[in-house]
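Participant: For reference, the chains in residue letters:
Protein chains: 2
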Amino acid sequence: GLLKSAWDAGAGWICVLLVGIAAGATAGVIDVAARWMSDLKDGVCADRFWLDREHCCWSSNDTIYKDSDCSAWTTWPEMFNYYSKSPFSYLVELFFFVAWAVGMSTLAVLLVKVFAPYACGSGIPEIKCILSGFIIRGYLGKWTFLIKSVGLILASASGLSLGKEGPMVHLACCIGNIISYLFPKYGQNEAKKREILSASAAAGVSVAFGAPIGGVMFSLEEASYYFPQKTMWRSFFCALVAGIVLRLVNPFGSDQTSLFHVDYMVKWTFIELIPFGLLGIFGGLVGSLFTSLNIRWCRVRKGNKLVGGNPIYEVMLVTFATAVISYFNPYLHKSGTAVIKQLFDRCGPEDYMVELCEYRNVDGEVYFGSAFASVFWQLSVALIMKFVFTIFTFGIKIPCGLFVPSLVMGAISGRMLAMLTEGFLRAVQDEAGTSVFSCQIGKDCMMPGLYAMVGAAAVLGGMTRMTVSLVVIMFELTGSLEFIVPTMVAVMFAKWVGDATHKQGMYEAHIELNGYPFLDNKGEYPYSTTAYQVMRPSADRSEGGKELAVIVQDAMTLGEIEQLMRDTQYNGFPVVVSRESMYLVGYVTRRELQLALHSARQSQPYVVTASIVYFTAPGQASVMQHGGELSSSSLAPLRLRRIIDLAPMTVTDQMPMETIIDMFRKLGLRQLLVTRSGKVLGIITKKDILHFMRNASDLESITNPNFK
Amino acid sequence: GLLKSAWDAGAGWICVLLVGIAAGATAGVIDVAARWMSDLKDGVCADRFWLDREHCCWSSNDTIYKDSDCSAWTTWPEMFNYYSKSPFSYLVELFFFVAWAVGMSTLAVLLVKVFAPYACGSGIPEIKCILSGFIIRGYLGKWTFLIKSVGLILASASGLSLGKEGPMVHLACCIGNIISYLFPKYGQNEAKKREILSASAAAGVSVAFGAPIGGVMFSLEEASYYFPQKTMWRSFFCALVAGIVLRLVNPFGSDQTSLFHVDYMVKWTFIELIPFGLLGIFGGLVGSLFTSLNIRWCRVRKGNKLVGGNPIYEVMLVTFATAVISYFNPYLHKSGTAVIKQLFDRCGPEDYMVELCEYRNVDGEVYFGSAFASVFWQLSVALIMKFVFTIFTFGIKIPCGLFVPSLVMGAISGRMLAMLTEGFLRAVQDEAGTSVFSCQIGKDCMMPGLYAMVGAAAVLGGMTRMTVSLVVIMFELTGSLEFIVPTMVAVMFAKWVGDATHKQGMYEAHIELNGYPFLDNKGEYPYSTTAYQVMRPSADRSEGGKELAVIVQDAMTLGEIEQLMRDTQYNGFPVVVSRESMYLVGYVTRRELQLALHSARQSQPYVVTASIVYFTAPGQASVMQHGGELSSSSLAPLRLRRIIDLAPMTVTDQMPMETIIDMFRKLGLRQLLVTRSGKVLGIITKKDILHFMRNASDLESITNPNFK
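As you go down the protein sequences, you meet chains A and B in turn.
Read in order, the letters of the first sequence correspond to residues 494 to 1201 in our numbering.
Read in order, the letters of the second sequence correspond to residues 494 to 1201 in our numbering.
Chain A with its partners taken away, still in its complex shape:
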């Protein structure tokens, strides 16, 4: 007893512990493998081919490790003994770069296509739907897990404009699903399992960004539908365990707590909130534009046979284009995380990131160093190409996330804004003579890295419309509590501008694109409509005017019920006392009814088409039928009381839709019966709600005079 209840209480913790360990380990393996394969595009470690560039250079005892030169690391031209920097060697390099990229992404798409079609994409829209109660069989299965892991390594190594973060959340949820089957309490109960999945999603974000608290907030704000306190605490535990395990596997190869650790010397000033706000507006606009363009392209893919029918060629083409163009731009060539790290960094005295900071050294004649134009040009190209690439990439049939590309775009724009601002300030100062400003421009006036950080948050905010979780993730990523305010201002503007220009974030847009039945749990719907106006069958018989399909508890024959099921497509039927009174007894789902009738036909030979099916309780039947009537039928009756749900959720016809939507969202209902004075009038299903909400939000200001 006590032992059992202890096990019962502990099972959930053990389950999330296992999920955390597995998620951390998986993330570690993926990180290491992706890094190695990504470097493979440029060259290979001569002595120990299994090392990536960084570790290769470490292991060979070169004391100085400068960006691309260490003797142990062999580029592909060097492999073929072209040591000179001739144009031909560049060509060889380019060839290998592109060939590896296309090869890897093709392999990824083949794996996905052959073994696990669900392994493509980011997975977050689907996770959202699953956590809201929608069931997609196999979406969180072990095949999806395996293929998505391998595919993710290949895809992110291929240099495509995609991130590992969304898929990591999907992978963590797969792990959660698989592990939950070890615990009957969780494996056999969908609602319980969703608790584990919420925790898994938190672990996914935790390992993707090294942000356990951000993971919990993400799971709470973005992914989960229902998030009780106990789940929050478990999610936190799970996220933390995953983070620790990942740290032990140590893929970042550093002691830093945070992925993009920043350590700015300068503090921000309140006047800088203006550019931060501008970055936020920009982020919102970029997010909206991106979403609508991407969705448009996805619709083309769905509609057009040529584009949609050849996912493999599509992937190859996109990879080819990406690889060829990326090769020539340093900010596209590198991996997304490396670029973010570089852009977030400050221009310190050590200045190892020369190209991004050199512009600060005044050249005499021009305001800023001659590097200004070249860096600015490279950044612009990188920003535009990243935007274009990502539109075409998000949606192809390989695992791909959206976070890192968004962060890169935002970081580039932020850095560019910082450069422009600094140039402008310098120009003002040169006009006005010396020292208008109390700070030294190009030194301690502003931190271009902070602008990059804020910009990154803004664009990601514009894309996903995340708020609190995004701010928390950003500050866990950078490890600096001081920059919450700038980040927050930017995220707030991004959210407002984004919502104003394109109502849905990327995930909601993709959910709608795929037609999942997802009931958004954000926002409010102050409709003055009542249940009576929304329920089916419609109250005014003019439109359609079918009657409500009901089952009478003690007066229908087997044949009649079978006929009813053939005639209609409904997922369930209300059971009533009689067709005249329409008083509600219960609700029976189509599936249960089908199974019961089928098995009765099979196993009970005396049950024939004319048999009456009773949904009443044995003792109750005779009373309800006014006595005696039972004997008038000589056929053996079929008793099916056990399959009806005696406690269906009901509302009266005057219930406002606002409350009803609330009930659907909070109680996770699938349908609701509408009654008046005890009589069943109609039914409202989740689909009706979705339909109603979509129409209502389109027309609300026109048709609904009571809208406030």
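I should point out that these hints are in silico values taken from the structure, not numbers from a laboratory.
Honestly, I wouldn't trust all of these hints.
Which copy is meant is left open, because identical chains are indistinguishable; a pair holds if it fits in one copy or across any two.
[To be verified] Simulated pairs of lysine to aspartate or glutamate, DMTMM-like, Cα-Cα distance not exceeding 20 Å: (1) Lys1172 to Asp1146; (2) Lys678 to Asp540; (3) Lys795 to Glu807; (4) Lys834 to Asp532; (5) Lys996 to Asp1138; (6) Lys1180 to Glu1001; (7) Lys723 to Asp501; (8) Lys678 to Glu1151.
This structure is a prediction, so every number in the text was calculated from the model and none was measured.
Given chain A, put chain B in place with the hints provided.
Facilitator: For chain B alone, coordinates are given in the frame of chain A:
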């Protein structure tokens, strides 16, 4: 139209902005004033009496500022020209110390008693109830706000064992309530107002600890009942604004981001998780013990005339005892935050906190410095006295919070554990010869400050049973992301051990003590009971066996209804078609009915006791009454359809209680009608639910065989 909807959308933001600003400013004023008054117990600034000790010493140009010596600061003996450290001067000091303390706390209790009885206590239990839908009139009014602000300054200056944090949350909620009246949308709608209150609670924690994210998490986890995404984002905004405003007022007088900023050089090792876990267990036990002792004392106060009837003497007595004893112990003498700061600090090379670190200097013969015994003794006394004081303090009639005393207790125990461990390690090393350990004991083996921090989190966790929010608050307090894991381990053990030994945390215990109708939204209740077994009137007529009090829609006279209202105490009545059919029409609250009947009696002279009251729609009446019957009564009827709620929430009698509790919690219901086949059988109110849950949790393992 557009402008109006923009205002509509913006109103909420403006409201929380104002709340944030006001909360930040209030907190700033309170902090400054409390600090000044607290120092007043020891002395006064000679030149500028309005400065506290720290600022006084700053303003006088003493370059060296050592703990208690600066020329401008005049202690009370010095005031009377006793400069020598004679026993008499000590006596004068003691006298002033105690006199000021008793004076201030007496003033506080007088203010509370005369002007605003709701201003006492922490306020968090009540806020929890209010956010769950319970209404306490005047609890968040402007008088409460004013008196609680002043009382809080006095109380925290008096040196009693209490914190400002809980009351700060209450104050912030008062501000939220007051400001919401400026916005009709929020002021006139209780549900909307609760959204503002949730945000205010977050702002309260934010200013109390300088922890905006922690504030949001606190509001989400501990305070709020219903926390939609929009509220979360607004809460975050509100908390942040409050934090910024507080920073501008700058009461901490430093540039530190976090209140107890720590900056340990040494990292923690995994083996240290064992002492951290022990601290967690200790925290859980202390929390449980404290809760049960405090509740027992509160019960004594309630029951005993002598204790309960004289709150002013009680406060004076407690203050006197606290002040006299605290005067002699350095860790009780200082303010709570100062002690925490000191205990969290590391023993750096600068070692300005000599007494706490000196023990590390080896004395030769004894293992540790001679200071060890004295410091350890002082800490033990401080811990025990703090525990005793706080038991008697929490519950007296002045504003008092629980956070800081808990943190102090925890920090002391953590620090003591660290000292013991270091002593033990040193002993082991001395036994075994030199350097058994790779680290230098007393230098870089362990950080006593970290132990204090973890201990503080553990005890606070044991008291309040907070989890994620506590971890977040702790790391925002200390500004170090690295120590999440130790904190979390301790908090987890504290929660587990606490829940195992005393089911309720302090707040829940006080809610139950005060008998508020609070429906806990944590945990699950897997009962196999159905609505039928819980509803009133009870299904089996053996116990009590009253009939359900209903109103028939078209057959009751005014006199009958008035009689019904006199006979029963119910808050509302179901309206049914007829007493035979019991088919549900709607629900009418007692209050509405009373008002309607009263006004009818007053204004409609033709309405007499024998008038029939119709709850039917005008056109409907004749049909429902089978025609003609209307004319049989010559008296003018009273039509009250407008007052009945046509959409009461109903469930069938077979609905499991688990779902019903869920509905009450998530939909914030007050009552629920139980039906079978459309007939009303009974009613379940929030009180019934609370009653059921209390009984069920006491008896679950005995009476409920299906409990799993």
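Participant: All hints are to be evaluated individually against the structure, with a verdict given for each.
Facilitator: A quick look at each hint next to the structure:
For the identical chains of this complex, Lys1172 and Asp1146 are neighbours both inside a copy (10 Å) and across copies (16 Å), given an alpha-carbon limit of 20 Å. When the C-alpha separation of Lys678 and Asp540 is checked against a cutoff of 20 Å, the pair qualifies neither within a copy, at 51 Å, nor between copies, at 72 Å. For the identical chains of this complex, Lys795 and Glu807 are intra-copy neighbours only, at 13 Å inside a copy versus 77 Å across copies, given an alpha-carbon limit of 20 Å. With identical chains, the CA atoms of Lys834 and Asp532 are at most 20 Å apart within one copy only, with a shortest distance of 17 Å there and 48 Å across copies.
In this homomeric assembly, Lys996 and Asp1138 never come within 20 Å of each other (Cα to Cα): the closest approach is 39 Å inside a single copy and 35 Å across copies. Only within a single protomer do Lys1180 and Glu1001 lie at most 20 Å apart by alpha-carbon distance; the minimum there is 16 Å, versus 40 Å between protomers. In this homomeric assembly, Lys723 and Asp501 come within 20 Å of each other (Cα to Cα) only inside a single copy, at 14 Å, whereas the closest approach across copies is 35 Å. Taking the shortest alpha-carbon separations for Lys678 and Glu1151, only the inter-copy value of 17 Å comes in at or below 20 Å, while the best intra-copy value is 34 Å.
When each numbered hint is compared with the structure, violations occur for hints 2 and 5.
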